[in-house]
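S.K.: These are the residues of each chain, in order.
There are 2 protein chains.
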Amino acid sequence: MSPHDQDPDDRPGHAPVTLTLAALETEPLPGTLKGLPAIAEGVPLGGLGALGLSLLAGDLPLPAAILKDSALTHNARWMREFTARAGVSLAPHGKTTMSPQLFQRQFDEGAWGMTAATAAHVRTYRRFGVPRVLLANQLIGKADLELVFRELEASPDFDFYLLVDSAAGLDLLRRAAEERGLKRPLQVLLEVGTPGGRTGVRTTEEGATLGRLIRDAAPTIVLRGVEAFEGVYSGDDTARVELGALTMIETVAELTRLGCAEGWFAADEVLLTAGGSAFFDMAAKTLASVEAAGTGHALRVVLRSGCYLSHDSLQYERMQDRMRQRAGALWGEGPGLRNAIEVWAYVQSVPEPGRAICTAGRRDLSYDACLPQPLWWYRPSLHDAPRATPAHWAVTKLNDQHAYVDAGGASGTGSDGGALLLQVGDLIAFGVGHPCTTFDKWPLLYTVDDTYRVIGGVRTFF
Amino acid sequence: MSPHDQDPDDRPGHAPVTLTLAALETEPLPGTLKGLPAIAEGVPLGGLGALGLSLLAGDLPLPAAILKDSALTHNARWMREFTARAGVSLAPHGKTTMSPQLFQRQFDEGAWGMTAATAAHVRTYRRFGVPRVLLANQLIGKADLELVFRELEASPDFDFYLLVDSAAGLDLLRRAAEERGLKRPLQVLLEVGTPGGRTGVRTTEEGATLGRLIRDAAPTIVLRGVEAFEGVYSGDDTARVELGALTMIETVAELTRLGCAEGWFAADEVLLTAGGSAFFDMAAKTLASVEAAGTGHALRVVLRSGCYLSHDSLQYERMQDRMRQRAGALWGEGPGLRNAIEVWAYVQSVPEPGRAICTAGRRDLSYDACLPQPLWWYRPSLHDAPRATPAHWAVTKLNDQHAYVDAGGASGTGSDGGALLLQVGDLIAFGVGHPCTTFDKWPLLYTVDDTYRVIGGVRTFF
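In order, the protein sequences belong to chains U and L.
Its first residue numbered 594, the first sequence is counted upward by one per residue in our numbering.
Its first residue numbered 594, the second sequence is counted upward by one per residue in our numbering.
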């Protein structure tokens, strides 16, 4: 990499606001954070754990979002062991949490890089020192390109990859890099899609045509690998979904083999990357078996799951059952990932028998994959610890700031003759079906021990 | 109001972070804000307008959310005139925007107070100096009560109201205030609900029983009025929805009359409050006609619409047609509120004819009331100004960071023979169907003039 001819500081703009993990820990928390108790206003994030706050003692205003520290630790370790067994690398999708503190935990457990969805994500990651970013998206528009170009120019050792899925996108990127006079090649991955899906080439033939075009765009643009997001396949039709996802993953493998044979790739190491949070077992198995012997290339398989760290109690928990079945010995011992994320709320009104209105809503809980589910019930005057909710309790509706919980039995009372009737002031923990759209509702989540004592806090940047 | 016996600064906790509108304007913008161009990082919010940024010139990374300043100004003024004609007051629901800058615009146009949904909202409002808050919700839990009690103790002139809808809730509130030794009465409104609805008493009889209980809780708790959120009624069955909403509003009127007659209310002025953003015409008409002559009380009707300021282009725009019909002369001249909010994105891929994948998704656009709709199309090389999209263009699906736009005709091309085919790099403006769940996805929205030049920025605190 050649040194900069132009100092990036000469470009217009002001001094960036300093954002480091250390600064995050010492900055006083403002009174605009939901879930922050009065006593914690002005306390630094790093001082939260010392306040002795207990969720079950009523020390947090609700709703509040918590992360079980033991589950985070377990999941981070579990994924390290899984990827080691599979012989693959991990660039977790940071868009799930947008939390540099959690990124650090992921790097501490051996992550190879972080995945981003937008140029704005890339900037945020860089402000917190993330050294390697895979932008799993196209990059369009002058101002988005500017965000990325500045980071590339500011740090010659910033290792950055992005996707290309069309000749038009390639052309746009090449012209922008040439006009900019970018001093090092833009590393791109060819994106594989699927008919009727999202972005990405639809067929191997389209992919081959584009692969050759990218090869010819060197040295401005260099092809470094092949990518797919097979998570566009979802739904109840398991056979169709799995076949679709597997076909995309196999197309990544096929185009990689073809590219190696035809000399598309600009470096020794070629990246094969796939893997949302629902099929990373399939991606690992299929892509790790691709052979590059004799081509002069070494292959690196990169998984990109974002949701494994918090996991959840609904959508990904159900998918995990199937992953474990598919993965066989690769899965290892034990059940796998554990749910780390819960949102707690109060019962604020029980206006009709069996109907409890709770103080959390669309502003607090994901609702795109499925409605949340009551997991735990806690009445301070009755329970020593949170009690698992009866299976028939359900969230029937969300408003912006309210959840409607149906906790009635057939007769309008609980199965043990009324003892399960919820009361105003009871606490309910909700499990969620999509971590990504829960994290983005919380600028601050608490890390708690297994008794729901607050041991720290996690900031997010959405 | 008696002076404090205990200085609230003696209570545990640290110095609050200073949050004022002036501080907001001068604080440098951090590089973690999505939609912020590289050139604006570190620039204070108040300096954004001087940067000469133009959305149409490609100066903003997309997605970006914009507010049309002319529409905001029009809507704020329109509501002032509407409430003046109706003889009612306005306490707009601040949860829609959670933007102290927009609250200020609402106060500048004569708002009587602000409505909040949670204790955390109340604290945020107070940090920015909002003098009167109507918490349109129950207040449950030690830590939530603490947030509110501190504010009441810190500022004897803070005028605060909250809801009670059950004897259990009343009891909880009374015990908390007594244990705290609160030096002034908690002002509550009796909440009217509806069978099968959210919070609130189900019948006039239940309301009357609770009204008498609250009367007897004086002086700790004092009844200051009657409240309903009739927006729990929604859907396509206009007759059922309107009858339901009207019945709730009429119950507010009925309980107010009964309360005046039975001496439930603790002050001369009694508040009657209702009105989300879909029925404020009905609330104004019905409640403003209640007579309190001879009861010793003066009535103040308070509307609480949150969405009128930005309005939208889908859900509330449709409801406005019906409001105008119902309101008759009260509506005044002209069509009413104008859409102020749009989210802009790039076309990043056109992987199949007529299918454009755009750079905005569930992280950027509301999707609870309905999917967003493409409003404007702009190709810099082709258009002088954004062009209204053909009516058949539609968003068919959202992922977290992507929108799927179907812009194909029956033949897969535009109706004018292909000229309407979207290209990579085109800009699309999306209209939304719910301002509340769009604002909460944007820590920074731009105010723009009618040519999409940035004249300022608006911060939100979700």
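Note that these hints are calculated values from the structure, not bench results.
Please note that the accuracy of each hint is not assured.
One copy or any two copies: either way a pair holds, since identical chains are not told apart in the list.
What the hints assert, rightly or not - In silico SDA-like cross-links for lysine to any residue, where the CA-CA straight-line distance does not exceed 20 Å:
#, residue 1, residue 2
1, K776, C963
2, K735, L975
3, K878, T613
4, K990, R972
5, K990, L964
6, K735, E620
7, K735, T1044
8, K776, P928
9, K878, D764
10, K990, D830
11, K990, D961
12, K878, T1030
13, K776, E847
14, K776, S906
15, K735, D861
16, K990, T1030
17, K776, D961
18, K878, A832
19, K990, C963
20, K776, A920
21, K878, P979
22, K878, L806
23, K735, G645
24, K735, S882
25, K990, R795
26, K990, G774
As the structure is a computational prediction, the values presented were derived from the model and not from experiment.
S.K.: Output the numbers, in ascending order, of every earlier hint that fails for this structure.
M.R.: Violated hints: 1, 3, 4, 6, 8, 9, 12, 13, 14, 15, 17, 20, 21, 22, 24 and 26; rest satisfied.
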